[in-house]
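**Student:** Since the structure of chain S is already known, use the hints to place chain P on it.
There are 2 protein chains.
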Amino acid sequence: MENGAIDCVPATARILDGKQLAKEIQDEIKEEITLWTEKGNRRPCLRAILIGDDAASKTYVEKKMIASESVGIDSDTINLPSDITEKEIIDKIRQLNKDSNVDGILVQLPVPEHVSERNVCNAVDPRKDVDGFHIINVGRLTLNMDTFIPCTALAVIELIKRSEIKTFGKNIVVCGRSKNVGLPISLLLHSDARNECPGMEATVVLCHRHTPPEQLEIYTKTADIIISATGVVGLIKAHMVKPGACVIDVGITRITTPAGKTKLVGDVEYENVKKVAGAITPVPGGVGPMTVAMLMKNTLKAAKNLATPPEQQ
Amino acid sequence: MENGAIDCVPATARILDGKQLAKEIQDEIKEEITLWTEKGNRRPCLRAILIGDDAASKTYVEKKMIASESVGIDSDTINLPSDITEKEIIDKIRQLNKDSNVDGILVQLPVPEHVSERNVCNAVDPRKDVDGFHIINVGRLTLNMDTFIPCTALAVIELIKRSEIKTFGKNIVVCGRSKNVGLPISLLLHSDARNECPGMEATVVLCHRHTPPEQLEIYTKTADIIISATGVVGLIKAHMVKPGACVIDVGITRITTPAGKTKLVGDVEYENVKKVAGAITPVPGGVGPMTVAMLMKNTLKAAKNLATPPEQQ
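Chains S and P, in that order, are what the protein sequence lines are. No gaps in the numbering here: position 154 of the first sequence is 179 in this note's numbering, and each next residue is one more. No gaps in the numbering here: position 252 of the second sequence is 277 in this note's numbering, and each next residue is one more.
So here's chain S without its partners, still in its complex pose (with noise of 0.2 angstroms):
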C-alpha cells in the first residue's frame, strides 16, 4: 500500500510495543558486543554516576546496569554523597575520562542543587558522553553531525523509524521543549535527512506550556504524528486527535489511584485516543524501555569509536 499503515484508519490503533521492539533491539546489541569480543576488543564499559539517595533516581539507574550487562556491557554504579561537592564530582569524572578502559559515562540527573548540572555535564569527555548532554554534543546535534542523540530523543526517533511511520513531509506536534527530550526530538524531525546525522524531514509545530490549550488543539487535530513529553497527565484527548494519527507518548507520571495504589501514567488518555488513532505507544511499555536500550546503543557506539583511531573514523 502506497500511503503505508499510518494513513488508513483502523479501528483501533496499532500499539507500538517499545517493550518488544527493546527487546529486538536489545538482542540485535548483544549479538554485536559478541562479535565485536569475539575479534578480541574488551567488553563495552558503562559507568553511571549517582549523586544522593533519591530512590527514584535509584531505580532508574540500577535497572539501566542490569539492562546493559545483560548485553554484555561491563556496567556498575558509582555513589557519591549528596554532599559532595562540584569538584569533587567533576574530579571523579575526570578520573573516568582518563580510564582507557571506560567507554560511557552517564551522570544520573538531577544533581544536588548546589551542584551545576551544565558543569557536571560539560566535565564528561565528549567522546564518553552516551546521555549526549556535553555543550559540543547539543551543539553537533543542532548542526546535524554526528554525535550522541540523548536517549529519549534516540528512542522516539528510532521507534517512529522501526514502526516503519512516515515523516517526509509531515506534519508533527511536538509538545514539551525541554532540552533533553522535546527539543532535541524537535531538531532531529525537523532537518534534512541529507546530514550526516539524518533528519526526518517533517514540519515540526513545537507547542508547549504557553501555548493556549485551544490553539494547542487546532494543531493537533491535523498533526500526522503527535509527541507528548510535558508530565501532563491527559493532555492528549481523543478529540484533539486526527483519525489514523500516530501518538508517542513519553510521559511518565506516578499517580495515585481512588483505590490508593500508585500506577505510571502517560500524557496521553490511552484508552480513549486508542480508538481514534493509527498507531499509539502505552505507558509504561512504549518510550521508557525503548530509552534504555538506547544507552546501550550510544554505550558500543562509544566503544566501538573509541578503539578505532581517529584517521580511520
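Be aware that one or more of the hints could be misleading.
Derived lysine-lysine pairs resembling DSS-like cross-links, with alpha carbons at most 27 angstroms apart [said to hold, decoys possible]:
id, chain 1, residue 1, chain 2, residue 2
1, S, K246, S, K48
2, S, K326, P, K204
3, S, K186, P, K267
4, S, K262, P, K204
5, P, K88, S, K246
6, S, K267, P, K246
7, P, K191, S, K246
If you are wondering where the hints come from, they were derived from the structure by calculation, not from laboratory data.
**Tutor:** Frame of chain S; chain P shown alone:
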C-alpha cells in the same frame, strides 16, 4: 491599547523600517564605544577574513567593515587567495585568536569548496566568534545560554523586540531551516524567557522545502508572525497572511527585471501582502541593515567580555 499594535487591522501595514532602526542601534553602539574608550579601553577590533574574490562576498564584507568603522570599531579585512589550504586559513585564524588586540573574528562564508566550513568556523576562538558559528556557541544557543547569536537571527529578534511585536503564546511560522538563520530564529522564538539568553515563548511552526505548499498556507493563515528565510521569491502571498499579522522577510534574491535592471527582492510579495499585514519589513531596508548592526553589537560584546577577567563576568 492592551492588545498592542499588531492586534488591530490597519488599512495598510506598518512598515518596519530596518534601515532606520539599524541607524538608531548604531548610534547607541557608537555612544557606548565612546564611553568605553573614554574609560581608557582601546577601541573594539574586528577582523574579517575573505577568501577568494567572489564579488558578492567582497561587497558584503566591505559594507560590514565600513559600517563597523563608522561606529568606532577598528575594522579591517584580511584577503586570502582562493587556492589557500585549509591549514593556512586555520593558522591565520589562530594568529588572530592569540592577538590580544583583536576582539572579533569573522570568516565570510561561503569558503572555497576544498575547505571545510565547519573546521574553519570551529577554529575561531569561541570568545571572538562574532558570527556565532562555532560549535560551542551553537550548543550554547540551543541551551539558551549567553552566547554570540548569529547576526541575521539576532537581527530578526531585535527587530521584533524594538517594534514591540508580541510573541508570548503567539503562533509563529518560520519558513526555512538553515543552520545560520531559520533554525536559530526558531530556537530563540520557542524557548523560555527565564533563561540566561531569554527565549520569546512563542509556539513555532518550522516549515521548509518539504512542507507541502497547501500545508504551509494552512499554517501561515493562522500565524501572528510569519518569518520567511528561504530565498524563494514570492513564496508568501497576500491570501496566505492573516489580516493584521506581522511579516518579516529575511530573503534577499537578486533578480533581473523585464527592463533589464537588477533588483533585490525578498520572499514576500511585498506590495500585496502590505495591504493585509499589520506590520511588514521591506526588502531591501528591513532585516539586511539590522544584520550589519548586530555584527557591531556582537563585536562590542566580545570586546567587553575579553576585557573583563573571567571571575568578574
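**Student:** All hints are to be evaluated individually against the structure, with a verdict given for each.
**Tutor:** Here's how the hints hold up against the structure:
Among the hinted pairs, K246 (chain S) with K48 (chain S) is inconsistent with the structure: their alpha-carbon atoms are about 33 angstroms apart, more than 27 angstroms. Among the hinted pairs, K326 (chain S) with K204 (chain P) is consistent with the structure: their alpha-carbon atoms are about 26 angstroms apart, no more than 27 angstroms. Between the alpha carbons of K186 (chain S) and K267 (chain P) the distance comes to roughly 36 angstroms, so the proposed pair goes past 27 angstroms and is violated. Taking the CA atoms of K262 (chain S) and K204 (chain P), the gap is about 35 angstroms. The hint is violated against a cut of 27 angstroms.
Annotation: proposed proximity of K88 (chain P) to K246 (chain S) is violated, straight-line Cα distance about 47 angstroms (limit 27 angstroms). Our distance criterion of 27 angstroms between C-alpha atoms is met by K267 (chain S) and K246 (chain P), whose separation comes to about 20 angstroms. For the hint linking K191 (chain P) to K246 (chain S), the alpha-carbon distance of about 25 angstroms falls within 27 angstroms, and the restraint holds.
In summary, the structure is inconsistent with hints 1, 3, 4, 5 from the numbered list given earlier, while agreeing with the others.
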